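**Student:** In order, the protein sequence lines correspond to chains E and X. This note's numbering applies: residue 100 is where the first sequence begins, and numbers increase by one. This note's numbering applies: residue 37 is where the second sequence begins, and numbers increase by one.
Just to be clear, a hint being listed does not mean it is correct.
Said to hold, decoys possible - EDC-like mimics (lysine to aspartate or glutamate), calculated; alpha carbons at most 16 Å apart, straight line:
(1) X:K149 with X:E165
(2) X:K149 with X:E183
(3) X:K192 with E:D213
(4) X:K192 with E:D283
(5) X:K192 with E:E137
(6) E:K275 with X:D191
(7) X:K192 with E:E211
(8) X:K149 with X:D194
Calculated from the structure, these hints are not laboratory results. Quantities reported herein were computed from a predicted structural model and do not represent experimental measurements.
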Amino acid sequence: MTGTAAMAQETEPKNGWHHNLYVEVGPKFTAHLSPNLEPFRPTGGWGAYINVDSRMRTWQASARYEIVSPNYHWAFRTGLQYGFNYKRIGYKQAEEEFHTMDYIDREWYYFEVDNEEQLEYLRVKGIEQHSHYLGIPIELRYYFKSNLETFRMYLAAEADFDFLVGNRNKVNFLDKDGMAPYADQVTSHYANPDPMNASTYFGAGFQVGNGNGIGVGFNWLIHLFEISGSTGMLPTKPKFAGSKLQVELLIPLK
Amino acid sequence: MKKYLIIAVALIVMNACSKSDFKETQYIADPDFPGLPIYSEMGYNTFGAYINQNVFYCNQNDRPFYLVADRDNLTMTLYGWCNNDNFNMVFTLPIDTTYHLEDYHSLLALDGKSFTIDTVPTSCIVKMEGRYAPEIESIYSGYIKFEKVQQVLVDKADAEVVVSGKFQFRAFTPDGTRIDVTGGRFDLGVDNANFVNFRR
Chain E
100 MTGTAAMAQE TEPKNGWHHN LYVEVGPKFT AHLSPNLEPF RPTGGWGAYI NVDSRMRTWQ
160 ASARYEIVSP NYHWAFRTGL QYGFNYKRIG YKQAEEEFHT MDYIDREWYY FEVDNEEQLE
220 YLRVKGIEQH SHYLGIPIEL RYYFKSNLET FRMYLAAEAD FDFLVGNRNK VNFLDKDGMA
280 PYADQVTSHY ANPDPMNAST YFGAGFQVGN GNGIGVGFNW LIHLFEISGS TGMLPTKPKF
340 AGSKLQVELL IPLK
Chain X
37 MKKYLIIAVA LIVMNACSKS DFKETQYIAD PDFPGLPIYS EMGYNTFGAY INQNVFYCNQ
97 NDRPFYLVAD RDNLTMTLYG WCNNDNFNMV FTLPIDTTYH LEDYHSLLAL DGKSFTIDTV
157 PTSCIVKMEG RYAPEIESIY SGYIKFEKVQ QVLVDKADAE VVVSGKFQFR AFTPDGTRID
217 VTGGRFDLGV DNANFVNFRR
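In isolation and in its complexed conformation, chain X is listed as follows (with noise of 0.2 Å):
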């Protein structure tokens, strides 16, 4: 708890001083998937996806997630809304020491990448939370996939790097309830404002 807490301050902190002009959210709705922004790679700092029938998206304009990599994992957690109220989706990706996470720019190795998302520890893990979030206890299949990873220049220096993707699983829930994810969009500029590496 103590390191949630420490990484939240840290974070906030962090954001405050940023000095990135690529905060805001560039919200472009996309027609063929109501309610959810389009699939980009521009680092349009959005996200989206169907959950059954409710739309998860993101309600902020100011970068609404945040990844932190430790020894194990690199943890993305997109802040949302769904049904009218706060709704986060944590991926916890199984990110050995090949990765060599540094700092932001090593997300570029993540370019190209797939992820089955299943409930054992080797695949990512996903995880709700939200007054309304429904349990996973099981996941039936699944995957997340980084479809460009790439670095981002302005005026010929480093800016951020924009990490974009693509997502989709279905889960039951303990009562058996099945909770199909379909649509999942990602378009996240990250820098030292929103990335976190507790491995150093």
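The shape of chain E in the complex, shown without the other chains (with noise of 0.2 Å):
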């Protein structure tokens, strides 16, 4: 008896655990700090702000195994989890400046680069960092009694130990062809992702099922704090930063 197949059996003794696989998948919504503009020239002139966007994308899919208590309750949940994360500083798009007034006419910045002679800087459209993670989900997660045969609410927390496999720094130059070998002065001025980063979890799903067992849920887990880590050029907020929203497949396995 297992996963939404137990979901219509709660009636029945409950006297063994039960064995489920899931494979997962979804964004990671991430609230980030700053970045490090000091390398901008202003854009503004009167005020001479610095106007630059930047932003983080996450995509986790993992697959994981889970055990539930016999009366399925509580269940514990672990497995592999691949993350990609795109972070990217960079120009503003025109249609969003249009909605804020907030007009600049150009799509590349001066960015400084180091010299010591000279005040040098190099046309940067924008700058984005690749990283690419293999990691353990730990989960703890409480199922609710449900009076529906193919439904069920759960609440879960979670911790992710994501290890840094893959990182990729890359500058999209003005003159692209000429300035691809100085990429390194531009990327010098920001950190790369920790090797290790951990955070964890809490939040809500529900899943639905065929009353055979398979089903697919959903859940929405919020950022609770960082553990340890950073994730690189754009440093996530260390409490609240966002959330992950997961789309998951449940295969019963016994």
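Since each chain comes alone in its own frame, lean on the hints to assemble the complex.
**Tutor:** Have a look at this one:
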């Protein structure tokens, strides 16, 4: 008796543990701190503001094993998680600026690079950081009793331990070919991600099943606090840095 | 008069043809000196000073200054605003031939150089222009220092020379009124569009 199949049989005596396999995918929305804008020459004229956009996107996919208590309330879940983290500092899209009445007439910046003798700039459209993680999620769930056969809600607490397996820094120069060899002069102003990043989450979700055990679920987890590790050129806020939304496919094992 | 007319026309034409991307003024207010831009060495095309209790500052967005070299002098004119009216401050520096002023790159020789402001030809002479500008008869003390003059590279290519520095002086008008110019600073991006050499 497993998964959503168990939902239909909660009135039966429960004397065995349930084992499930999950495949989960979803985005993570992360609030980040302001990046280092010091090397950007102001673009604004009177007031000399620096109108630079920064954004972070994360996609995660994981396979998780779940063991559920016989009464189908408590569950422990763990597995293997892949995460792709994309960060960008650069030109703010023209349409966004139009709405904010914050118009800039060019799509690149003067980025000051280190030069002891002279004042030196490279014309940069954007700086990107692509980071790949393999991680171990550890999750505890509490499933609520449900009067519906194919529906179950739960609360979840999760800790993710993500290990950096690849990182690439990319600079989009205005002179793409000519300045490519000097990308390090730009990226050296920004930190690379730490080898390990650990965060905790708390949230809720629900599952719907077909009555035969297989089901799909959705959950929304809020970032509580960061245990350790920097995410690189756009450091995340240490607390309440966003949330992640995941779609899960439940496959009962036995 | 004809000479200055030629200079003005030449500079206007050259400025219109300039492809420099550093033409805009990047004005950042100095919290310690209300009304003045911060002292910077980045080519923000700003300048300012207190003239007694009034603020003299740059009021345009497009390089409000010119440098003109002739046989004996380098003249730096700051086109600004004071007392709600146009107000220019003109520094005439005694540049002898040892400076080899050929083009705007030659300004790099001024890096770190300081000039006494006085009324004698061997020092820097200051003139104020404008409807309400006072006439300077004598200078009690003062200086102009080019704190940093540096080449600017963009994408590894020459872009301009940044001339930045400070100035202050005390002057007197013919009727004995004292004029204290304090907190003076300038941060100017110079290229062929705003540098003319009549020495050649």
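**Student:** Run the structure past the numbered hints and jot down the numbers of the failing ones, going up.
**Tutor:** Checked against the structure, the hints that fail are numbers 1, 5 and 8, while the rest are satisfied.
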